[in-house]
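Please build the complex by placing chains U, A and Z on the supplied structure of chain L, with the hints as guidance.
These protein sequences, in sequence, are chains L, U, A and Z.
Okay, so the first sequence: first residue is 1 according to the UniProt record's numbering, each after it adds one.
Okay, so the second sequence: first residue is 1 according to the UniProt record's numbering, each after it adds one.
Okay, so the third sequence: first residue is 1 according to the UniProt record's numbering, each after it adds one.
Okay, so the fourth sequence: first residue is 1 according to the UniProt record's numbering, each after it adds one.
Bear in mind the hints are in silico, worked out from the structure with no lab data behind them.
Where is the CB? At the ideal position from N, CA and C, for every residue including glycine.
Chain A residues, not near chain U, derived (Cβ > 12 Å throughout):
hint, residue
1, L34
2, E35
3, A66
4, E67
5, E70
6, A78
7, P87
8, Q92
9, R99
10, E110
Within a straight-line C-alpha distance of at most 25 Å, the following computed PhoX-like cross-link-like pairs (lysine-lysine) qualify:
hint, chain 1, residue 1, chain 2, residue 2
11, Z, K30, Z, K85
12, U, K30, Z, K85
13, Z, K36, U, K36
14, L, K36, A, K36
15, Z, K30, U, K85
16, Z, K74, Z, K36
17, A, K30, L, K36
18, A, K36, L, K30
19, U, K30, Z, K30
20, Z, K30, U, K36
21, A, K30, L, K30
22, A, K30, L, K85
23, A, K85, A, K30
24, Z, K74, Z, K85
25, U, K85, U, K74
26, L, K85, L, K30
27, L, K85, L, K74
28, A, K85, A, K74
29, U, K30, Z, K36
30, Z, K36, Z, K85
31, L, K74, L, K36
32, A, K85, L, K30
33, L, K74, U, K74
34, A, K36, A, K74
35, U, K30, U, K85
36, Z, K74, A, K74
37, U, K36, U, K74
38, A, K85, A, K36
39, U, K85, U, K36
40, L, K85, L, K36
There are 4 protein chains.
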Amino acid sequence: MSTPQQYHSYIEACVEAMNACNISYISNLKEYDLEKLCDCIRINRDCAEICSFTAQALSQGSIFAAEIAEVCAKACEACIDECQKHPQTHCQECVEACRRCAQMCRELMEMKVPV
Amino acid sequence: MSTPQQYHSYIEACVEAMNACNISYISNLKEYDLEKLCDCIRINRDCAEICSFTAQALSQGSIFAAEIAEVCAKACEACIDECQKHPQTHCQECVEACRRCAQMCRELMEMKVPV
Amino acid sequence: MSTPQQYHSYIEACVEAMNACNISYISNLKEYDLEKLCDCIRINRDCAEICSFTAQALSQGSIFAAEIAEVCAKACEACIDECQKHPQTHCQECVEACRRCAQMCRELMEMKVPV
Amino acid sequence: MSTPQQYHSYIEACVEAMNACNISYISNLKEYDLEKLCDCIRINRDCAEICSFTAQALSQGSIFAAEIAEVCAKACEACIDECQKHPQTHCQECVEACRRCAQMCRELMEMKVPV
Numbered sequence: 001m002s003t004p005q006q007y008h009s010y011i012e013a014c015v016e017a018m019n020a021c022n023i024s025y026i027s028n029l030k031e032y033d034l035e036k037l038c039d040c041i042r043i044n045r046d047c048a049e050i051c052s053f054t055a056q057a058l059s060q061g062s063i064f065a066a067e068i069a070e071v072c073a074k075a076c077e078a079c080i081d082e083c084q085k086h087p088q089t090h091c092q093e094c095v096e097a098c099r100r101c102a103q104m105c106r107e108l109m110e111m112k113v114p115v
Numbered sequence: 001m002s003t004p005q006q007y008h009s010y011i012e013a014c015v016e017a018m019n020a021c022n023i024s025y026i027s028n029l030k031e032y033d034l035e036k037l038c039d040c041i042r043i044n045r046d047c048a049e050i051c052s053f054t055a056q057a058l059s060q061g062s063i064f065a066a067e068i069a070e071v072c073a074k075a076c077e078a079c080i081d082e083c084q085k086h087p088q089t090h091c092q093e094c095v096e097a098c099r100r101c102a103q104m105c106r107e108l109m110e111m112k113v114p115v
Numbered sequence: 001m002s003t004p005q006q007y008h009s010y011i012e013a014c015v016e017a018m019n020a021c022n023i024s025y026i027s028n029l030k031e032y033d034l035e036k037l038c039d040c041i042r043i044n045r046d047c048a049e050i051c052s053f054t055a056q057a058l059s060q061g062s063i064f065a066a067e068i069a070e071v072c073a074k075a076c077e078a079c080i081d082e083c084q085k086h087p088q089t090h091c092q093e094c095v096e097a098c099r100r101c102a103q104m105c106r107e108l109m110e111m112k113v114p115v
Numbered sequence: 001m002s003t004p005q006q007y008h009s010y011i012e013a014c015v016e017a018m019n020a021c022n023i024s025y026i027s028n029l030k031e032y033d034l035e036k037l038c039d040c041i042r043i044n045r046d047c048a049e050i051c052s053f054t055a056q057a058l059s060q061g062s063i064f065a066a067e068i069a070e071v072c073a074k075a076c077e078a079c080i081d082e083c084q085k086h087p088q089t090h091c092q093e094c095v096e097a098c099r100r101c102a103q104m105c106r107e108l109m110e111m112k113v114p115v
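Isolated chain L (complex conformation) (with noise of 0.2 Å):
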């Protein structure tokens, strides 16, 4: 079983992500073009709670925490190409925090973890 000591670093990049997201979120509910934006506003919402739940899950150290980092992966990288789409600057801002959030996942998921 890793400790939360041992994932600290993918702990951070999930709150980071989840940050970026909900900024991203919280800002598209602002802009003009609101009918644009719809599926940017749902996708952030939903990796942002993700991005949460697996910093929460690491942080306990559950015995499913490559499962559950496979999903932030996932997440994050649909998070990504919905971002893309937009010139806005927190989209590109969250962008790149999932991107950063993605890589410690997969990184993660490939992790010999003793249970």
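Coordinates of chains U, A and Z only, in the frame set by chain L:
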């Protein structure tokens, strides 16, 4: 995208498994032979939170519903394996609720859900 | 300490409000007059997550059940205030579910729960 | 409405308290004198989840940030009271992280946040 209405019975199964896992968690912490129940305590909490997150994800129509349901099915199956080792009523009731939740999650994974 | 069994109808009311808020959230994002619904979208998600967390906290017998129920009651009441401004069926159904959840939470807050 | 940017140091304090509570939770379950630690195990998990939820709520700019922060401050203070009874290093580290989180939450409650 499936709607929370379509997911109603799945959400219900997740909430029932969450409750059964939490009852088992709380009850285990009051048992006499506590040191034999540590693994059960941990997996009960782990599974309870995954069930709770799955209910929420289904309820908000997450586009990762199938992936999250798969993690939930695995968590319930691991919880069943552990609870079956213990004779306590709360462990047996947890087995029943997790079995139903795991079945529902596996069914959901195979649904052809229009996204 | 109350048990999840005692909390059963409270957990149910929270889950129903979570579902109604999420249905309203998803439906609002598909409406034509999106810019009039931004506040409703935000409070629907906010309330949905608070209801979900409250269900989970009650289920695990949190010693902060009364405090969390108070936040949940306030969130439901704010959600009612916003949803009442909109004629859509999903907003009206959200009002009903939040009204019941707020009542249950206020009832729970006054319970003399032996800790 | 405060933004996740403004909340950054508050979110960080919540995540650190979540991690410290989870480390204490996991470590307690491996201790020899388990029966003396049951209350500590329960309150560690309870507090960890409240900290996690608070981080998420602040991150998404919840309009109930102050109310949720108040619950989080109380949870951290209760966790401090319990952990102070135990000599283990993980309990002492939990006290430190919870003290900082409680202070931050109390500070946040007094912020005049424009909604």
